[in-house]
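J.: Single-letter residue listing:
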Amino acid sequence: NAGVTQTPKFQVLKTGQSMTLQCAQDMNHEYMSWYRQDPGMGLRLIHYSVGAGITDQGEVPNGYNVSRSTTEDFPLRLLSAAPSQTSVYFCASRGETWDGGYTFGSGTRLTVV
Amino acid sequence: DAKTTQPNSMESNEEEPVHLPCNHSTISGTDYIHWYRQLPSQGPEYVIHGLTSNVNNRMASLAIAEDRKSSTLILHRATLRDAAVYYCILRRRSNDYKLSFGAGTTVTVRA
Numbered sequence: 035n036a037g038v039t040q041t042p043k044f045q046v047l048k049t050g051q052s053m054t055l056q057c058a059q060d061m062n063h064e065y066m067s068w069y070r071q072d073p074g075m076g077l078r079l080i081h082y083s084v085g086a087g088i089t090d091q092g093e094v095p096n097g098y099n100v101s102r103s104t105t106e107d108f109p110l111r112l113l114s115a116a117p118s119q120t121s122v123y124f125c126a127s128r129g130e131t132w133d134g135g136y137t138f139g140s141g142t143r144l145t146v147v
Numbered sequence: 153d154a155k156t157t158q159p160n161s162m163e164s165n166e167e168e169p170v171h172l173p174c175n176h177s178t179i180s181g182t183d184y185i186h187w188y189r190q191l192p193s194q195g196p197e198y199v200i201h202g203l204t205s206n207v208n209n210r211m212a213s214l215a216i217a218e219d220r221k222s223s224t225l226i227l228h229r230a231t232l233r234d235a236a237v238y239y240c241i242l243r244r245r246s247n248d249y250k251l252s253f254g255a256g257t258t259v260t261v262r263a
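Sequence order for the protein chains is A and B. Every position in the first sequence, counted from 1, becomes a number in my numbering once 34 is added. Every position in the second sequence, counted from 1, becomes a number in my numbering once 152 is added.
Bear in mind the hints are in silico, worked out from the structure with no lab data behind them. Bear in mind that the values here come from a model prediction, so they are computed numbers and not experimental data. Virtual Cβ for every residue (Gly too), placed ideally from N, Cα, C. Where hints are given, some of them may not hold.
What the hints assert, rightly or not - DEER-style ranges, computed between Cβ atoms:
| # | chain 1 | residue 1 | chain 2 | residue 2 | range |
| --- | --- | --- | --- | --- | --- |
| 1 | B | His171 | A | Thr41 | 34 to 40 Å |
| 2 | A | Ser140 | B | Thr260 | 18 to 24 Å |
| 3 | B | Lys155 | A | Asn96 | 23 to 29 Å |
| 4 | B | Lys155 | A | Gln91 | 20 to 26 Å |
| 5 | A | Gln91 | B | Lys221 | 29 to 35 Å |
| 6 | B | Thr260 | A | Met75 | 32 to 38 Å |
| 7 | B | Asn175 | A | Gly50 | 41 to 47 Å |
| 8 | A | Gln91 | B | Ala255 | 20 to 26 Å |
| 9 | A | Met53 | B | Lys155 | 30 to 36 Å |
| 10 | A | Ser103 | B | Ser177 | 19 to 25 Å |
| 11 | A | Glu64 | B | Thr258 | 18 to 24 Å |
Start from the sequences, fold in the hints, and give me the full structure.
T.: Below, the structure is given as C-alpha cells:
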C-alpha cells in the first residue's frame, strides 16, 4: 500500500547508544520531515527535506542528524541517545501540490533509559 | 507565525454532529487553514483545508468566517472512530516546510 513506512515501531536504547530511525515513502514525494511528540503535547519539527540532497533544521534539531540520498528515504540518526529524546517520532511527506495534505507514518516509540 | 486557539476537549454522542471551533485572529491573507486529526497511537491524518470559502469532503466540512479570524470543522455524524485529537493549523507558502501543531481538541464520542 502507498504511504509512509517507519521502522522500527518500538525501540529501547541505553543512554549513549546510537541508532537510525528509518522512513520510506513510495509516493514520489519531494517534501519529507521528522517530528517528535512528547506526552500530551503537539508535534515539533526536528528536520526536513525539500528534495534529495537538501535538508534543513526544524525547531528542535539538537542531537539528531539527517540525510536524503534518495527521494524515497529520509533516515533520522541519533548519535548519542539521551533520556530527553524519549518520545514518539513521526515521519511525514507531501507531494509538489502545495495545498495537499501531508501523509504521516504510524510512528516510532523510542525509550532511552 | 499566526497562532490558533482551540478548546481542550469536546464531547459528542454517536451519530450527532460535532462542531470544532478554531480561533485564528492574527491570520494573514496568505494563510491557509488546515485540519488534521490524530487517532490514538497513530500519526496525524489530513482532514481538510480551505482559504476563504467553505469546503466539503468525504470526511468533514470546513466553515470559514467571513473575516477569516475563525473557522469551524464540522463532523456531520460522529462515530466512535472519530474519537481523536483534532488540530487546526495555519499554513503559509513562505514557510510551508513546518506544520505548527498546538495541543488540539480532544474529541470524545459517546456510544
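J.: Given the hint of 18 to 24 Å, is the C-beta distance from Ser140 of chain A to Thr260 of chain B inside that range or not?
T.: Because 22 Å falls inside the window, the suggested range holds.
J.: Per the hint of 41 to 47 Å, is the separation of the Cβ atoms of Asn175 of chain B and Gly50 of chain A within bounds?
T.: holds, 44 Å
J.: Is 34 to 40 Å respected by the C-beta to C-beta distance linking His171 of chain B and Thr41 of chain A?
T.: holds, 39 Å
J.: Honestly, do Thr260 of chain B and Met75 of chain A meet the 32 to 38 Å range at C-beta?
T.: The hint (32 to 38 Å, Cβ to Cβ) is violated, given that Thr260 of chain B and Met75 of chain A are roughly 19 Å apart.
J.: Okay, Lys155 of chain B versus Gln91 of chain A on CB: inside 20 to 26 Å?
T.: holds, 22 Å
J.: Note whether the CB distance of Gln91 of chain A and Lys221 of chain B lies within 29 to 35 Å or breaks it.
T.: Roughly 32 Å apart at Cβ, these two residues keep to the hinted range, so it holds.
J.: Within 18 to 24 Å: is that where the Cβ-Cβ distance between Glu64 of chain A and Thr258 of chain B falls?
T.: violated, 33 Å
J.: CB of Lys155 of chain B to CB of Asn96 of chain A, is that within 23 to 29 Å?
T.: Because 24 Å falls inside the window, the suggested range holds.
J.: Given the range 30 to 36 Å, decide if the beta-carbon distance of Met53 of chain A to Lys155 of chain B lies inside it.
T.: holds, 35 Å
J.: Look at the Cβ atoms of Gln91 of chain A and Ala255 of chain B and judge whether their distance stays inside 20 to 26 Å.
T.: Holds: the Cβ-Cβ distance is about 24 Å, inside 20 to 26 Å.
J.: I want to verify a distance hint. Is the separation of the beta carbons of Ser103 of chain A and Ser177 of chain B within 19 to 25 Å?
T.: violated, 43 Å
In terms of the numbered hints stated before, the structure departs from hints 6, 10 and 11, listed from lowest to highest.
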